[in-house]
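Protein chains in written order, with this note's numbering: chain B, 1 to 340; chain E, 1 to 340; chain S, 1 to 340; chain Y, 1 to 340.
Honestly, the hints are just simulated from the structure, not real lab data.
Some hints here could point you the wrong way.
Chain copies aren't distinguished; within one or between two, either way the pair holds.
Derived pair list, reagent style EDC-like, types lysine to aspartate or glutamate, alpha-carbon separation capped at 20 angstroms [said to hold, decoys possible]:
#1 Lys38 / Glu210
#2 Lys235 / Asp192
#3 Lys38 / Asp123
#4 Lys16 / Glu322
#5 Lys333 / Glu102
#6 Lys16 / Glu239
#7 Lys212 / Glu236
#8 Lys271 / Glu339
#9 Lys212 / Asp324
#10 Lys212 / Asp5
#11 Lys272 / Asp18
#12 Lys272 / Glu322
#13 Lys71 / Glu181
#14 Lys272 / Asp28
Only a predicted model underlies this, so the values are computations on that prediction, with no experimental measurement involved.
4 protein chains.
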Amino acid sequence: MQKNDLVANAGVTDVKGDRNLSPKEQPDKDVYLHVVEKRADGIVVRGAKCHQTGSLSAHEIIVLPTRALRKGEEEFAVAFAVPSDTAGVIHVVGRSSLDTREQDGCDCGNRRYSKYAPTVIFDNVFVPWNRVFLCGEVEFSADLVAYFSAFHRQSHGGCKAGKIDCMVGAALTMMAYNGTEKVGHHKEKVIDMIHRAETLYGCSLAASYEGKPMPSGTYFIDPVLANASKIHEGKEMAEATRLMIDIAGGFVADLPSDRDFDHPEVGPLLKKYLKGSNQAPVENRIKMFRLIEKMAMESADTISDIHGGGSPAAHRLTIFRESDTRSKVEAAKRLAGIED
Amino acid sequence: MQKNDLVANAGVTDVKGDRNLSPKEQPDKDVYLHVVEKRADGIVVRGAKCHQTGSLSAHEIIVLPTRALRKGEEEFAVAFAVPSDTAGVIHVVGRSSLDTREQDGCDCGNRRYSKYAPTVIFDNVFVPWNRVFLCGEVEFSADLVAYFSAFHRQSHGGCKAGKIDCMVGAALTMMAYNGTEKVGHHKEKVIDMIHRAETLYGCSLAASYEGKPMPSGTYFIDPVLANASKIHEGKEMAEATRLMIDIAGGFVADLPSDRDFDHPEVGPLLKKYLKGSNQAPVENRIKMFRLIEKMAMESADTISDIHGGGSPAAHRLTIFRESDTRSKVEAAKRLAGIED
Amino acid sequence: MQKNDLVANAGVTDVKGDRNLSPKEQPDKDVYLHVVEKRADGIVVRGAKCHQTGSLSAHEIIVLPTRALRKGEEEFAVAFAVPSDTAGVIHVVGRSSLDTREQDGCDCGNRRYSKYAPTVIFDNVFVPWNRVFLCGEVEFSADLVAYFSAFHRQSHGGCKAGKIDCMVGAALTMMAYNGTEKVGHHKEKVIDMIHRAETLYGCSLAASYEGKPMPSGTYFIDPVLANASKIHEGKEMAEATRLMIDIAGGFVADLPSDRDFDHPEVGPLLKKYLKGSNQAPVENRIKMFRLIEKMAMESADTISDIHGGGSPAAHRLTIFRESDTRSKVEAAKRLAGIED
Amino acid sequence: MQKNDLVANAGVTDVKGDRNLSPKEQPDKDVYLHVVEKRADGIVVRGAKCHQTGSLSAHEIIVLPTRALRKGEEEFAVAFAVPSDTAGVIHVVGRSSLDTREQDGCDCGNRRYSKYAPTVIFDNVFVPWNRVFLCGEVEFSADLVAYFSAFHRQSHGGCKAGKIDCMVGAALTMMAYNGTEKVGHHKEKVIDMIHRAETLYGCSLAASYEGKPMPSGTYFIDPVLANASKIHEGKEMAEATRLMIDIAGGFVADLPSDRDFDHPEVGPLLKKYLKGSNQAPVENRIKMFRLIEKMAMESADTISDIHGGGSPAAHRLTIFRESDTRSKVEAAKRLAGIED
């Protein structure tokens with residue numbers, strides 16, 4: 001990131017209240033972010049957008065509707081941008097499974113990067129008109145959601161393929177540290193992991209290559225292939241993780257703390273017993289177990305495999321809606337000799 | 001195909017005898033096609049290539065080695081082209097599960113296309129030197145096999161995605177004929193089928209887009225993505241087929257014969273009882289069951305999902321061999337804070 | 001079977017017409033077998049029961065309703081027994097994928113057993129009152145279906161586990177014939193096959209052991225465990241079959257005919273080239289390929305994995321309906337510290 | 001547990017050092033617990049047993065060998081019992097993903113139970129002869145491991161089926177809280193979860209019912225069925241967890257802390273926005289999200305799905321070794337008409 005780059009966060013997911021009810025039917029309408037006042041100089045909005053990865057690190061938050069809307073739901077059809085420290089914008093960072101490790105500065109697995117995902121509350125936030133992009137035009141909300149989520153799902157394919165690559169690297173390193181480099185079933189599990197990475201990556205890449213120009217001149221990725229990648233992510237990241245744990249061994253569950261490794265009496269004993277093959281210092285093996293624990297058990301990261309870019313059911317519906325089923329029916333009828 | 005197109009068949013797979021033994025160690029060396037005589041005007045070869053889809057419809061058969069070869073195995077390092085009706089070339093068409101239906105002209109499912117796969121015996125076949133491409137240069141045999149199989153696996157991705165498209169079309173048509181168009185779990189199964197087609201297609205397409213130019217100027221597809229597609233094919237075609245059968249219903253197993261439907265007494269009763277929803281004539285429903293039976297139960301076709309382009313174990317080894325594992329290990333070590 | 005044993009066939013599955021409509025709503029009510037006349041001495045029924053495995057080998061056909069019925073649907077609530085050659089009972093044997101092999105007596109895979117599944121039409125069949133078990137009592141039809149299908153699904157667990165055992169035996173034999181006995185991935189695939197057999201068997205066996213006595217004194221198996229077994233069957237038989245084909249090799253698709261093996265010129269060549277390892281005569285390898293083809297590609301058998309005992313969706317609904325979900329909710333609330 | 005019950009912990013898993021080397025070949029032989037001194041009154045042992053769930057809550061630790069041993073490895077063939085606070089026994093509790101939540105007493109998911117798994121170091125521990133069960137008899141070590149692990153794997157089937165039951169209960173409760181009780185795909189996912197629980201349970205139960213008496217009079221469970229259950233556990237617990245997360249929603253990743261819910265300004269806003277359907281107080285929804293986070297993301301628990309009772313590869317080898325493959329081969333040959 002260059003010094004003057006602008007980083008924006010997309011605020012899409014509303015907290016949604018009772019999923020059985022439409023936005024208007026909710027006992028408390030604020031569970032879908034909406035316009036509560038229109039003024040001469042701008043609008044006032046209220047609501048909350050959850051799972052806002054990196055919202056505090058972004059300069060701007062760009063808010064979009066979370067779903068298709070109908071006539072009568074104009075107040076929810078709102079899109080705008082505000083600086084992330086605007087008055088009334090409250091970021092509540094949620095807990096994730098390994099959050100205290102980072103605060104504590106001890107037993108962290110990933111020495112380079114981190115992640116957090118606040119619930120961002122918009123408590124009567126004022127937005128001037130020149131930063132309002134949509135205000136009541138319900139007919140555009142479905143498309144906005146579809147465009148955003150298609151790109152989100154496509155980009156996940158590259159992102160999570162890269163995560164599996166790191167998991168493959170961790171697994172291979174641990175095999176070297178454990179002395180299981182030549183164990184056949186470990187190698188087969190690594191192949192299963194690579195296969196998953198390439199599947200996410202291949203479908204996501206094909207979605208980009210098959211992009212078509214829109215009337216505006218920008219390109220829109222192929223939504224069927226993008227969603228095909230995301231469906232695999234939602235299911236197969238858990239499997240890739242499971243395979244990495246299988247290869248690494250049980251210390252992913254219960255590795256002693258760095259504080260114990262540093263203890264004057266117990267530390268040397270632990271280092272003696274945690275030593276794997278002679279190829280590597282015990283410290284490296286310990287670090288690699290921590291990274292594997294982080295990649296496997298960090299909720300802020302693993303849950304997004306499933307729910308990032310919309311939930312699995314949404315990906316499935318999209319793949320059906322965007323597929324050309326008519327041509328498939330015609331092909332089958334032609335082979336069967338059926339003339340309608 | 002234009003009138004003057006030349007169609008060639010690639011003869012790769014040897015019958016292989018005892019898989020535990022190398023070509024030279026076989027009690028009968030002919031189980032790997034080899035040169036039995038070198039003459040001034042050409043060579044004489046003996047052996048057999050099996051699973052030669054469409055060999056009788058091809059003008060030429062291009063023979064390649066079936067595996068990597070080492071010094072001392074020169075006689076097996078042979079590649080050449082001969083017309084498919086050359087003296088000594090014997091095509092023995094094998095049985096497939098529904099072969100008599102086609103010969104009989106009754107109860108065929110696919111009205112347009114067919115498939116057969118002979119064992120082609122080369123019983124002391126003479127090949128003139130100007131049609132011999134490789135003769136003893138063992139160092140090129142591994143590459144020849146790798147190039148051929150990589151393209152074969154990539155092309156399967158498009159081929160079998162198209163087959164799933166036809167199966168999806170058949171499933172959707174049968175849902176209309178059965179009156180189950182709105183049944184939720186049927187729709188979910190169709191989505192599962194489409195997802196599999198798009199996975200094969202996406203990985204295969206990405207393999208092409210990522211093709212790199214070779215020194216000769218031709219492009220070589222990305223072998224990791226091509227094999228990623230093929231691994232899915234080897235496992236998921238069976239699942240797509242299972243889903244189609246699930247949607248269609250039990251008559252895939254035991255639909256009465258057209259001869260029974262034409263019977264003066266039993267025929268009208270059968271047509272009465274085979275009627276599905278009123279949307280479609282019973283004849284169409286019968287035809288669609290036959291197509292589904294053909295796509296599900298035709299051995300000549302379904303077995304190639306698994307063994308076409310080499311067996312699943314070969315695809316897996318290739319994906320491992322061609323992957324850049326070093327960069328993955330480096331990424332993991334960097335995140336873990338390990339400096340070697 | 002002893003000489004005087006009575007063999008009965010259960011006629012359950014109606015042809016069903018438009019699945020979107022109830023029995024009474026069908027344009028042609030005969031698509032659900034029903035009573036068309038009540039006489040002093042008995043009833044007359046009309047309809048058709050399909051997929052009647054072995055109906056021609058049974059002495060008696062016992063007809064049951066195919067679904068739960070409501071008030072107003074009394075005519076469909078009918079159960080009775082008739083000899084299978086009763087006047088008006090027409091057995092139309094359907095085609096299966098390898099049926100002509102048996103008629104032809106050549107290239108059959110299974111030398112011991114066979115299977116066929118007719119559509120049985122009841123064309124105004126008279127049933128005397130002393131053989132009528134249910135006639136109009138709609139309140140019992142759901143239970144009759146549930147009892148029958150629960151036992152059917154449980155017994156499948158033993159049946160199909162036995163089939164996988166045969167497939168495992170075939171795979172191991174072919175490994176010996178091919179010389180791949182020590183190939184690691186082949187052994188892993190055999191383990192995957194055994195695991196599937198034991199899963200079907202274990203759940204089915206537990207369903208029996210957990211049987212509870214009914215008021216009548218007979219025992220009723222545990223329906224959740226029986227359906228757990230059947231759900232696996234519906235999905236995993238296809239996978240076990242795929243693994244067997246993977247191990248066996250491509251000749252499952254296109255093995256030459258016995259007539260070619262007996263041909264004076266081509267036969268000796270084929271036998272030469274089909275020879276595997278020296279451990280076994282080529283004839284045995286050919287026979288084993290035929291058995292594998294039969295087990296993999298025989299529609300009369302493989303389709304029943306999916307649709308036998310009701311379709312997969314029915315097994316799933318049953319498992320949900322029969323599970324004690326209340327106690328599971330209570331356990332979760334207790335752990336979470338929620339008091340309602 | 002009654003007041004005077006004795007609780008024992010089985011110390012089996014050695015830290016193992018370089019897996020490529022046998023116990024004797026290790027540069028530091030202490031990576032396999034062994035006898036370092038034999039005295040008149042007893043033995044002195046050194047080594048470490050890892051992943052010792054609950055060792056600090058047990059009265060006694062019963063140590064067993066971790067693997068089969070051969071002649072020359074007598075020093076490693078040692079079994080004994082010592083009180084868990086014996087001099088030289090050091091319990092180092094490892095870190096698990098949510099451990100600080102419990103220490104902190106805030107944001108804990110499970111209000112009833114917890115788990116921890118120390119590495120237990122035996123730093124020259126003296127064991128009197130009357131508590132030594134095995135000392136040098138290498139011929140019994142394989143059986144000891146096999147018996148212990150078979151029972152361990154069987155008992156996991158009941159344990160983890162119960163955990164899935166709790167996950168099913170949590171998912172159903174969250175569906176009620178979210179207003180998605182009638183959503184078809186959520187119900188299907190619950191069925192998928194129940195199916196997995198019943199599979200573990202059914203195979204495990206069958207393993208018990210099929211138990212055979214040993215010469216000693218105790219019963220030994222069926223090892224094939226026990227391992228069939230455990231193989232499912234190693235793969236399917238991750239899938240059941242994934243389904244629960246899918247149903248629950250994204251707050252499994254980033255639910256705000258109880259401290260934020262108690263905050264005077266932010267707390268009421270959070271409670272307003274975290275409210276789901278009107279059926280339940282927001283506090284209950286929050287508690288249920290915490291329990292789901294605990295069941296999904298607690299490493300001490302989830303890793304044991306994979307590595308508890310030996311790793312998946314061990315379960316697979318056992319299932320192959322203990323299966324009667326000969327009878328399967330005979331069955332296949334009989335059907336194929338092969339007479340050896």
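Is it within, between, both or neither when you check Lys333 against Glu102 at 20 angstroms Cα-Cα? Answer is between: at 19 angstroms across copies they meet the 20 angstroms cutoff, but 60 angstroms inside does not.
Lys272 and Asp28: within-copy, between-copy, both or neither at 20 angstroms Cα: Only across copies: Lys272 and Asp28 sit 8 angstroms apart there, 60 angstroms inside one copy, limit 20 angstroms.
How do Lys16 and Glu322 come out at 20 angstroms by Cα distance, when the copy is not named: within, between, both, or neither? Neither: 26 angstroms inside a copy, 32 angstroms across copies.
Go through the copies and call it for Lys212 and Asp5: within, between, both or neither, with a Cα cutoff of 20 angstroms. neither (28 angstroms within a copy, 34 angstroms between copies)
Given a CA cutoff of 20 angstroms, do Lys38 and Asp123 count as a within-copy pair, a between-copy pair, both, or neither? Classified as within: same-chain Cα gap 15 angstroms, cross-chain 74 angstroms, threshold 20 angstroms.
Check Lys38 against Glu210 for me: Cα-Cα at most 20 angstroms, and say if that holds within a copy, between copies, both or neither. neither (42 angstroms within a copy, 51 angstroms between copies)
For Lys71 and Glu181, with the copy left unspecified, which applies at a CA distance of at most 20 angstroms: within, between, both, or neither? neither (62 angstroms within a copy, 27 angstroms between copies)
Can you give me the call for Lys271 and Glu339, within, between, both or neither, at a CA distance of at most 20 angstroms? Answer is between; shortest inter-copy Cα gap is 18 angstroms, intra-copy 76 angstroms.
Tell me, please, which holds for Lys272 and Glu322 at an alpha-carbon limit of 20 angstroms: within, between, both or neither? So Lys272 and Glu322 fail the 20 angstroms test inside a copy (58 angstroms) and across (37 angstroms) alike.
Within a copy, between copies, both or neither: which one fits Lys16 and Glu239 at a CA-CA cutoff of 20 angstroms? The answer is neither: 30 angstroms in one copy and 26 angstroms across copies each exceed 20 angstroms.
How would you label the pair Lys212, Glu236 (within, between, both, or neither) given a Cα cut-off of 20 angstroms? So Lys212 and Glu236 fail the 20 angstroms test inside a copy (28 angstroms) and across (29 angstroms) alike.
Under a CA distance limit of 20 angstroms, which applies to Lys272 and Asp18: within one copy, between copies, both, or neither? between (55 angstroms within a copy, 12 angstroms between copies)
Hint check: violations occur at hints 1, 4, 6, 7, 10, 12, 13; the rest are consistent with the structure.
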